[in-house]
Amino acid sequence: MSNLALGTSRKREIKRSWLLGGVFVIWIGLAKLFNGKFTLEIAVPQNTPFTSFVGEVAKSIRGNRTDGAAFKYFFNPIRQIIDGFVTFIREIISIPTQGATIPLIGWLGVLALIGFTVFAVSKLKTAIMAMALTFACGALGLWKDSMDTLAMTIAAVLLSLAIGIPVGIWAGRSDFALKLVTPILDLAQILPTLVYLAPLALFFLIGPASATIATMVYSIPIAIRLTAFGIRGVAKSPVEASVSMGSTGAQTLTKVQLPMAKKTIVLGINQTVMAALSFVVIAALIGAPGLGKPVIEALIIRDVGEGFVAGFAVVFLAIMLDRSTTAAVVKQNTFVPPSPAELKRRKIGLIIAGISTIASIILSRQFAWAAYFPKNINFAEQIGHGADTTVVWITETFSFFTDGLIKFVTVGILNPLESVLSGAPWFLTILAISAISAIIGGFRSALITVFLLGAIVASGLWFDTMITFAQTIVATLLTMLVGVALGIWVGRSAKADRVLRPILDAGQVLPAFVYLIPMLGFFGPARFTAIATGIVYSIPVVVKIVGQGIRDVPVTMIEAATSAGSTTRQLITKVQLPAAKNSLLLATNQGLIFVLAVVVIGGFVGAGGLGYLVILGSSKPELQGKGLVAGFSILLLGVMIDRIAQYAVRRNSAPRQ
Amino acid sequence: MTNSSSAISVRNLWQVFGPNPEKIVDSPDAALPRAELREKTGNTAAVRDVSFDVAPGEVFVVMGLSGSGKSTLVRCLTRLIEPTSGHIVMDGEDILEASQSRLRELRRTRFSMVFQNFGLLPHRKVIDNISYALEINGVSKEKRHARAREVIDLVGLEGFEQAYPEQLSGGMQQRVGLARALAVDPEVMFLDEPFSALDPLIRRDMQTEVIRLHRELGKTMIFITHDLDEALKLGDRIAIMRDGAVVQMGTAEQLIGNPADEYVADFTRDIPKSHVLSVRSIARPLKDSELPSQATLPANTIIRDATEIVLNSSGPVQVIENGNSIGVISANDILRLIGGIQG
Chain A
6 MSNLALGTSR KREIKRSWLL GGVFVIWIGL AKLFNGKFTL EIAVPQNTPF
56 TSFVGEVAKS IRGNRTDGAA FKYFFNPIRQ IIDGFVTFIR EIISIPTQGA
106 TIPLIGWLGV LALIGFTVFA VSKLKTAIMA MALTFACGAL GLWKDSMDTL
156 AMTIAAVLLS LAIGIPVGIW AGRSDFALKL VTPILDLAQI LPTLVYLAPL
206 ALFFLIGPAS ATIATMVYSI PIAIRLTAFG IRGVAKSPVE ASVSMGSTGA
256 QTLTKVQLPM AKKTIVLGIN QTVMAALSFV VIAALIGAPG LGKPVIEALI
306 IRDVGEGFVA GFAVVFLAIM LDRSTTAAVV KQNTFVPPSP AELKRRKIGL
356 IIAGISTIAS IILSRQFAWA AYFPKNINFA EQIGHGADTT VVWITETFSF
406 FTDGLIKFVT VGILNPLESV LSGAPWFLTI LAISAISAII GGFRSALITV
456 FLLGAIVASG LWFDTMITFA QTIVATLLTM LVGVALGIWV GRSAKADRVL
506 RPILDAGQVL PAFVYLIPML GFFGPARFTA IATGIVYSIP VVVKIVGQGI
556 RDVPVTMIEA ATSAGSTTRQ LITKVQLPAA KNSLLLATNQ GLIFVLAVVV
606 IGGFVGAGGL GYLVILGSSK PELQGKGLVA GFSILLLGVM IDRIAQYAVR
656 RNSAPRQ
Chain B
316 MTNSSSAISV RNLWQVFGPN PEKIVDSPDA ALPRAELREK TGNTAAVRDV
366 SFDVAPGEVF VVMGLSGSGK STLVRCLTRL IEPTSGHIVM DGEDILEASQ
416 SRLRELRRTR FSMVFQNFGL LPHRKVIDNI SYALEINGVS KEKRHARARE
466 VIDLVGLEGF EQAYPEQLSG GMQQRVGLAR ALAVDPEVMF LDEPFSALDP
516 LIRRDMQTEV IRLHRELGKT MIFITHDLDE ALKLGDRIAI MRDGAVVQMG
566 TAEQLIGNPA DEYVADFTRD IPKSHVLSVR SIARPLKDSE LPSQATLPAN
616 TIIRDATEIV LNSSGPVQVI ENGNSIGVIS ANDILRLIGG IQG
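Quick mapping for you: the protein sequence lines, in order, are chains A and B.
Going by this note's numbering, the first sequence opens with residue 6, and the numbers climb by one from there.
Going by this note's numbering, the second sequence opens with residue 316, and the numbers climb by one from there.
Next up, chain B with everything else stripped away, as it sits in the complex:
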């Protein structure tokens, strides 16, 4: 049932808080709106029947507003909160079945987490914060400091090894958080709104940093955010959560171009389509009156990036997928998309 080629595979995950959580799972009541469910049963379903697979090396973004259950979800994945039911499979092993000591071992070696409020230890130097996970795993001081220096270089914290967290800016503190999560060389990283507490400019820097680290290290990442721009910028795929359930899951293009419901449509309304959709989505058959130009575009080109070629060509540009033309686009098509004009 689970996908064996996935880095992490989640099936039917539930997290219900309240007096009798097991009763809610898979019951018809679970579909009730939150307030009604609480009224009727006294329970709150924070995560409702969530399933997804994350491919190795993928950046999987879970996005939702506050109270949508995304933070609870990520805590369930690492069992900081014990889920009510479901399966979380990594490498054929169901994490929810793991004993406490096995769970500690997994946490020390296989996955790591970055927190919204950094979660640094204020009484420890940067280098000792970063090597904490190695320390509790019994790695010698020499070895763990050597490893810590490697990741310090990686995230650009050179020269701050001996500083204390309170001496660093927020952005620098989160670099420590990132370095700490990288220090154990995990297979999967969980990032829980890591940049929400940062100023917009710093946030953008840090997003770029994560993209760079991902390109260099290829870690599988599960990234939680409430910021749609951030989700679109970082995510290979995005799951949108609402009231504890995933309402839509897919690439940025799928979400924007083909929203599953009103909620997702509403959510994505302000995102410029031309920045997300590819030329494939607006390719159309050549009209009889038109003369195609010599220029061609790969089908997955983002529309914004196609503008220059389209403008400079003499007529509609061919969109090519797998060596075949699937249609053409013209400057007018792009303008219509931007203006939201049908036809």
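Okay, chain A solo, but in the shape it has when bound:
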């Protein structure tokens, strides 16, 4: 019976690849034939009736800000509350309080407070490292910007957790709640960051409040997801035992589920912090104070050296926050607490650290040297210059390689793909993509594809969407090429995993923006820069998923294949990769979504497409409507990619009997 099923699925697969090949051949042929016709291309400054209409709507929303009921009783109060909270936190560490020239706590006090907090949740070594990294931000001449970013992150994280953890607990305990939040969480996960900035700014004004709200929209789903996951991941029998002993729901929650889910929830906090940090940087586009501003300025004026300086500060903060919050997870590896002697030592340490922290805070409020970060400790110029020269040296030394690479990717892959996707009649492209979607994902997948692509045509930004899509596909192909190879290596060799994991982890915590800086230095403003950034940014997630998939292949399967005399190559191609097929699909899906998010940001460095329109829309009032529509088109594109992949995964998972 099972043999029979295997046979037919194999046959179906062969038939499917023939079909796919056929579609491609016909598509490319027709695209060549009708090149340049019905492409729906419009010039950058040109509006379509629909984008003008959206622009008008945006304008009228703006006009309504003071009087409209929705603003008066909903948006404005929310903005004021959040603004108050953000200002409160910023006044502690980054901006002067009213009537004063310094924040509540000067740099020395902040440094001590960071050290104390990290020491309290993890260990001394991490605390020292956190202090050193924060100090380094100051030494880059970016103390105030760093503190602003930190304050914004803390404010957004606290608010996100205040909402995310309770909702997550609810979704963890109630199937109904989970069903309710899952679609929202799924959507949030595939939404590229750039997309929701402009709409939020429309309703909440440009400024810290909007930036915080946008950050929360991005990070709350992460907090909800991991909290719910943690609660649901608690072993069933302790919960059942607790209920069987007559616990109330609240008792089971507080005495069993929360303590046992603590590790996952702390991990959720870590992810929320990292998401918030990366978003706060990008949110500079809608007025978030902090390090995002110098990064964006540097990108716009193509000042690689300055970009590096600000980028380093972001990286330092990212590492500091990541290490501090993951150290808290590592400590929770066992449920057995440390010995009493160790606890006592810790207590004494905490008292000493607490006293010195209080002393530092007092000093930082009394003396100028402890209040203002010392001006003579500033290596910004040297580092900026050093980065400049290094980049120039690398570019010149390896130009034979990079030039060739750029040419190969741009001329060899990207241009032909662009000419097929965006240079051909739009209905041909829709037909072809839908046919492919039907073959790999089935009828419903094709239906959704037609609908979403139709909506993109209706939006009037078809051409730009296809430009972005082409870049996304190329970047994803290259990402998969490298990522799967590395993933196989990581999945097969524990040593490779040990070597690569820290790099992958580090790669995943950095905001996408930061990667643009060196790429801009190496490759200049071009489409390839966006593609390269997308690749670098999404490789870690692909490697991790593929590696996990390979590792999850049952040992008995490997042993059976090995004992049958398979070579390593046969083992990989005939056993491990097929068995890890769903992981490969999932990795492709995630890779596409990650790449899309970054390729869009590539609009900053001359990649064109939808991202450029979004950025343009936020600075040019007459193109605001177009920018909003572009953001929406990105969303449609992301949903389409995600749906096709989901249907393909569902189709591929063999129906269980």
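No lab work stands behind these hints: they were computed from the structure.
Every value quoted in this text rests on a predicted model; they were computed, and no experiment measured them.
A hint or two may mislead.
Unchecked claim - Cβ-to-Cβ under 10 Å is the rule here; a few derived chain B residues that face chain A:
1) L395
2) S416
3) L421
4) R422
5) R423
6) F426
7) V429
8) Q431
9) V454
10) S455
11) F475
12) Y479
13) G492
14) V499
15) F505
16) V579
What the hints assert, rightly or not - Only pairs whose alpha carbons sit at most 25 Å apart, straight line, appear in this in silico BS3-like list of lysine-lysine:
17) K349/A - K456/B
18) K349/A - K128/A
19) K298/A - K149/A
20) K268/A - K241/A
21) K184/A - K267/A
22) K586/A - K20/A
23) K298/A - K380/A
24) K458/B - K260/A
25) K548/B - K260/A
Stated by the list, open to error - If you want a taste of the chain A side facing chain B, the calculated C-beta under 8 Å gives, among others:
26) L38
27) P243
28) E245
29) P264
30) V341
We put the CB at the ideal spot given by N, CA and C, even for glycine.
Dock chain B against the given chain A, drawing on the hints supplied.
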């Protein structure tokens, strides 16, 4: 209808999972095989019309293979799963009628449960695991720890009070599970395959431990297992479940000596009859050619335990019940039984 002298009395208990569980109860469809029922109605009957009484102090074993509904049954008895219909009466009170708060009270004081995967709280010390039920019932720390120490001594966990579950072996962890269930001094204990996750040797130790605890404390126990040897060793009476229904209920001797159907017969085939049946079951009239010996055996003696007396006697041994001889057995009778030879 229910038996008032029982510790727990179960009547017509049903548990149907699916879109319209109430419709299945007592309907002709309920008798269909599982797959057919699901095909026809979309429902699965995990427990079908189960009734039984457990006497105070009795060890009642529910035994069946996986998927027979025994785990669902025990969860219905404690309402970890809400049964579709039926009655579960303890002390004249129908547990299925109890409100949520009354149910919590019952769980905190009247019955307790031991789980297959132990269900210990990994973030709590042994002593705090054991006193958990007392803690949620608002007993002061001093009192509940004092009580916990009593049961710790009882199950042989002295010296492990401050340990964490992950520091203990599986057998020791289940001792914590037992101690936790004993801590509230319940009237009825439910044990859901408590030793299935343990190694065979440890399992045997723990079975002996349960026998000892039962002898000392006299708790009523409802014991779920898939292991026939375990059932025979522990159970005063055994109910065999299949496809959600009880196919036979009785003492070990009744099941082995008189299986209700092919299924039970098949199940019990490999059990040595001589280890379970009493001499009553093979006692026969004295033949004219035989000369009975002076030795006698009580009718409820297990055949294996009678071997020595029978071998050492000069002729067939008299089997005595209520002071009267109900027949004799000889060494040949025992050999025929062991060899499965008729006549």
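Hints, verified against the model:
{"no.": "1", "hint": "L395", "result": "holds (6 Å)"}
{"no.": "2", "hint": "S416", "result": "holds (9 Å)"}
{"no.": "3", "hint": "L421", "result": "holds (7 Å)"}
{"no.": "4", "hint": "R422", "result": "holds (3 Å)"}
{"no.": "5", "hint": "R423", "result": "holds (4 Å)"}
{"no.": "6", "hint": "F426", "result": "holds (9 Å)"}
{"no.": "7", "hint": "V429", "result": "holds (9 Å)"}
{"no.": "8", "hint": "Q431", "result": "holds (7 Å)"}
{"no.": "9", "hint": "V454", "result": "violated (12 Å)"}
{"no.": "10", "hint": "S455", "result": "violated (17 Å)"}
{"no.": "11", "hint": "F475", "result": "violated (13 Å)"}
{"no.": "12", "hint": "Y479", "result": "holds (5 Å)"}
{"no.": "13", "hint": "G492", "result": "holds (8 Å)"}
{"no.": "14", "hint": "V499", "result": "holds (8 Å)"}
{"no.": "15", "hint": "F505", "result": "holds (8 Å)"}
{"no.": "16", "hint": "V579", "result": "violated (29 Å)"}
{"no.": "17", "hint": "K349/A - K456/B", "result": "holds (24 Å)"}
{"no.": "18", "hint": "K349/A - K128/A", "result": "holds (14 Å)"}
{"no.": "19", "hint": "K298/A - K149/A", "result": "holds (12 Å)"}
{"no.": "20", "hint": "K268/A - K241/A", "result": "holds (17 Å)"}
{"no.": "21", "hint": "K184/A - K267/A", "result": "holds (23 Å)"}
{"no.": "22", "hint": "K586/A - K20/A", "result": "holds (18 Å)"}
{"no.": "23", "hint": "K298/A - K380/A", "result": "holds (21 Å)"}
{"no.": "24", "hint": "K458/B - K260/A", "result": "holds (19 Å)"}
{"no.": "25", "hint": "K548/B - K260/A", "result": "violated (37 Å)"}
{"no.": "26", "hint": "L38", "result": "violated (54 Å)"}
{"no.": "27", "hint": "P243", "result": "holds (5 Å)"}
{"no.": "28", "hint": "E245", "result": "holds (6 Å)"}
{"no.": "29", "hint": "P264", "result": "holds (4 Å)"}
{"no.": "30", "hint": "V341", "result": "holds (5 Å)"}
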